[in-house]
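A.B. asks: Residue numbers (my numbering), protein chains in the order written: chain A, 160 to 355; chain B, 160 to 355.
A couple of the hints might just be wrong.
A pair holds if it fits inside one copy or across any two, identical chains being indistinguishable in the list.
Said to hold, decoys possible - Derived BS3-like pairs: lysine-lysine, alpha-carbon spacing no greater than 25 Å straight-line: (1) 286 with 318; (2) 172 with 230; (3) 172 with 207; (4) 286 with 209; (5) 207 with 218; (6) 230 with 219; (7) 209 with 252; (8) 286 with 252.
Don't read these hints as lab results, they were simulated from the structure.
There are 2 protein chains.
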Amino acid sequence: MMVDERVREFLEKVASSSPTPGGGSVAALAGAIACSLSEMVCNLTIGKKKYADVEQEMKKLLQQCSELREKFVQLVDEDARAFDEVMMAFREKRGIQEALKRAAETPLETASTCVAIAEKTREIAAKGNKNSITDAGVAALMAKTAFYSALLNVRINLKEIGDTAYIRRIDEQIKEMEGQIERLVAETMKIVEEWI
Amino acid sequence: MMVDERVREFLEKVASSSPTPGGGSVAALAGAIACSLSEMVCNLTIGKKKYADVEQEMKKLLQQCSELREKFVQLVDEDARAFDEVMMAFREKRGIQEALKRAAETPLETASTCVAIAEKTREIAAKGNKNSITDAGVAALMAKTAFYSALLNVRINLKEIGDTAYIRRIDEQIKEMEGQIERLVAETMKIVEEWI
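The shape of chain A in the complex, shown without the other chains (with noise of 0.2 Å):
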């Protein structure tokens, strides 16, 4: 998997011309260390005595962001792989609408889980220890932006596809979620703001 090698190799690898790992598998890396600011927040706040009350919250939700970050990790290497199927369909000259389907569905599966993300990291910045409040915005800010990578990684492979009822249906999910992901990231930098 991409996630065991070395930061700077995954960098040079990002840097080469090779087309893959591009923007797609940074804007899941970006989701992945969302959730490891996200879980950092939580284990920051689980024993100490001025958080005890949230303390069985906390632990939940270090969990959901740890699972959280185990499904960016796959996608890093999915957006890569759905991207190379996408060159090889075209070469091929066969399954180029089933391959850009693919591609398109991987980014917003990365943009779905920042949401998800988005809303765990809400609820961390609310309720954890807010000595560690600016790691809990960067979080926020980290998937918001892992989000809209994302969805130019989903917008550039429907731009290829025909079927008008399919490119609808995303439309509106991505729309959803627009509006979810703005309101998560706008709340939780609303509470770093009063405690900065």
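With chain A fixed as given, assemble chain B onto it according to the hints.
C.D. replies: Just chain B now, kept in the frame of chain A:
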């Protein structure tokens, strides 16, 4: 250096109950990723007949992005070090103000490096290979998030600093940089939108 760790290990360390690496290091890493994506677009432009006119410029931009990436990579470590020094100063009850200033100036350098890469990314989006336009878009979004993530870390450290003239000076720098990066990223995203 932290970039010599595997991506998975880096994500684990961020997630752990140790406060470093935290949001400041993540901001610098996000900046490094923005550089890598910008470099990729350069690499996918260089050597293409269609883009022969901009070949020399792309080679220069590639080199500049690569240097900025190395600077961000250094800042990943420096931010963690500056934070650890603040903790030590508080424990030893001496040199606190100096340590806080260093801990504010390190993410401030991250922020100014974000402005620098955002400028390169805009050039690359405008003149580089349009097949990779979404990667330039993701680079711009990552640079902007890295910038605001770094700012959260500047501000949390400024909060404890008593030197009002120092704070005013930094606030002015931030204001100027904020105007620059907003403009640069908006220009980049306008180009991206034309192509997707």
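A.B. asks: Okay, which hints does this one fail, numbers in order?
C.D. replies: Number 8 only.
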